[in-house]
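Chemist: If you read the protein sequences in the order shown, they are chains A and B.
Reading the first sequence from the start, the letters are residues 1 to 110 in this note's numbering.
Reading the second sequence from the start, the letters are residues 1 to 112 in this note's numbering.
To be clear, the hints were calculated from the coordinates, so they are not data collected in a lab.
It is possible that part of the hints are untrue.
[Claimed, not checked] Interface residues of chain B toward chain A, partial, derived using beta-carbon atoms under 10 Å:
| # | residue |
| --- | --- |
| 1 | Ile26 |
| 2 | Gly28 |
| 3 | Gly106 |
[Unchecked claim] As a list, the in silico BS3-like pairs of lysine-lysine whose alpha-carbon atoms are at most 27 Å apart:
| # | chain 1 | residue 1 | chain 2 | residue 2 |
| --- | --- | --- | --- | --- |
| 4 | B | Lys11 | A | Lys70 |
| 5 | A | Lys51 | A | Lys70 |
| 6 | B | Lys11 | B | Lys57 |
| 7 | A | Lys70 | A | Lys97 |
| 8 | B | Lys57 | B | Lys17 |
| 9 | A | Lys97 | B | Lys57 |
Source: prediction; values computed, not measured.
Just so you know, even glycine gets a beta-carbon here, dropped at the ideal spot from N, CA and C.
In case you want the letters, here they are:
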Amino acid sequence: GQQLNQSPQSMFIQEGEDVSMNCTSSSIFNTWLWYKQDPGEGPVLLIALYKAGELTSNGRLTAQFGITRKDSFLNISASIPSDVGIYFCAGGTSYGKLTFGQGTILTVHP
Amino acid sequence: GAGVSQSPSNKVTEKGKDVELRCDPISGHTALYWYRQRLGQGLEFLIYFQGNSAPDKSGLPSDRFSAERTGESVSTLTIQRTQQEDSAVYLCASSLTGSPLHFGNGTRLTVT
Numbered sequence: 001g002q003q004l005n006q007s008p009q010s011m012f013i014q015e016g017e018d019v020s021m022n023c024t025s026s027s028i029f030n031t032w033l034w035y036k037q038d039p040g041e042g043p044v045l046l047i048a049l050y051k052a053g054e055l056t057s058n059g060r061l062t063a064q065f066g067i068t069r070k071d072s073f074l075n076i077s078a079s080i081p082s083d084v085g086i087y088f089c090a091g092g093t094s095y096g097k098l099t100f101g102q103g104t105i106l107t108v109h110p
Numbered sequence: 001g002a003g004v005s006q007s008p009s010n011k012v013t014e015k016g017k018d019v020e021l022r023c024d025p026i027s028g029h030t031a032l033y034w035y036r037q038r039l040g041q042g043l044e045f046l047i048y049f050q051g052n053s054a055p056d057k058s059g060l061p062s063d064r065f066s067a068e069r070t071g072e073s074v075s076t077l078t079i080q081r082t083q084q085e086d087s088a089v090y091l092c093a094s095s096l097t098g099s100p101l102h103f104g105n106g107t108r109l110t111v112t
């Protein structure tokens, strides 16, 4: 099925560093969303983007909906140990069906 | 309840047996989705319900997979004659139309 290309696959950083990850697609999406998943739990929504070019922040997180509607990035500033987890991008259709990236595994060393 | 509830949280079954997975969405959410997540992978779409109807079931991998929703609430995903390749976490999500999906914690299915 349709896939999003999410990179990097994994990141190992020091506490306090900034992090950037991105997703690209060959298809256009109506929405872009970023989720975080902790072990044994379902994905939790971090940021939702609804408009091409939109730049949205949620605390230390900032995400952008690419102007071509085929890409998005997520930045995390001043990382802390609890940022550890798997981050997924997802592109959405008009009725909410999501196509997910493969995930970025984030490890933060204190 | 406050969130999407799934049961059981874990299920171990023998190859060839049938299993039923249950999802209780957030009250009032008209849209309901089932996804599958294989180990170390992203989520794969299985089926979408709007009310009790399933306008998109394009992600169901074979005719061994079926799902239903009743009362615009509870949904069950049934896998018949399970195979080892069916081992995965099955996630349910619900939403109001046009709003982001809220996920449950999933059912981890292991087929031995």
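Chemist: For every hint, state whether the structure bears it out.
Modeler: Here is how each hint holds up against the structure:
1. Interface hint at Ile26 (chain B): violated, since its Cβ lies 12 Å from the closest Cβ of chain A, which is beyond the 10 Å cut-off.
2. Given the 10 Å rule on beta carbons, the hint for Gly28 (chain B) is violated: about 15 Å separates it from the nearest Cβ of chain A.
3. Checking Gly106 (chain B) against chain A by beta carbon gives a least distance of about 6 Å; that is within 10 Å, so the hint holds.
4. Distance check on the hinted pair: Lys11 (chain B) and Lys70 (chain A) sit about 38 Å apart at the alpha-carbon level, beyond 27 Å; violated.
5. At roughly 12 Å between alpha-carbon atoms, Lys51 (chain A) and Lys70 (chain A) fall within 27 Å of each other, so this suggested pair holds.
6. Simply put, Lys11 (chain B) and Lys57 (chain B) have alpha-carbon atoms about 24 Å apart, close enough for the 27 Å limit, and the pair holds.
7. The hinted pair formed by Lys70 (chain A) and Lys97 (chain A) meets the criterion: a straight-line CA distance of about 16 Å does not exceed 27 Å.
8. The straight-line distance between the Cα atoms of Lys57 (chain B) and Lys17 (chain B) is roughly 23 Å, inside the 27 Å bound, and the hint therefore holds.
9. Among the hinted pairs, Lys97 (chain A) with Lys57 (chain B) is consistent with the structure: their alpha-carbon atoms are about 11 Å apart, no more than 27 Å.
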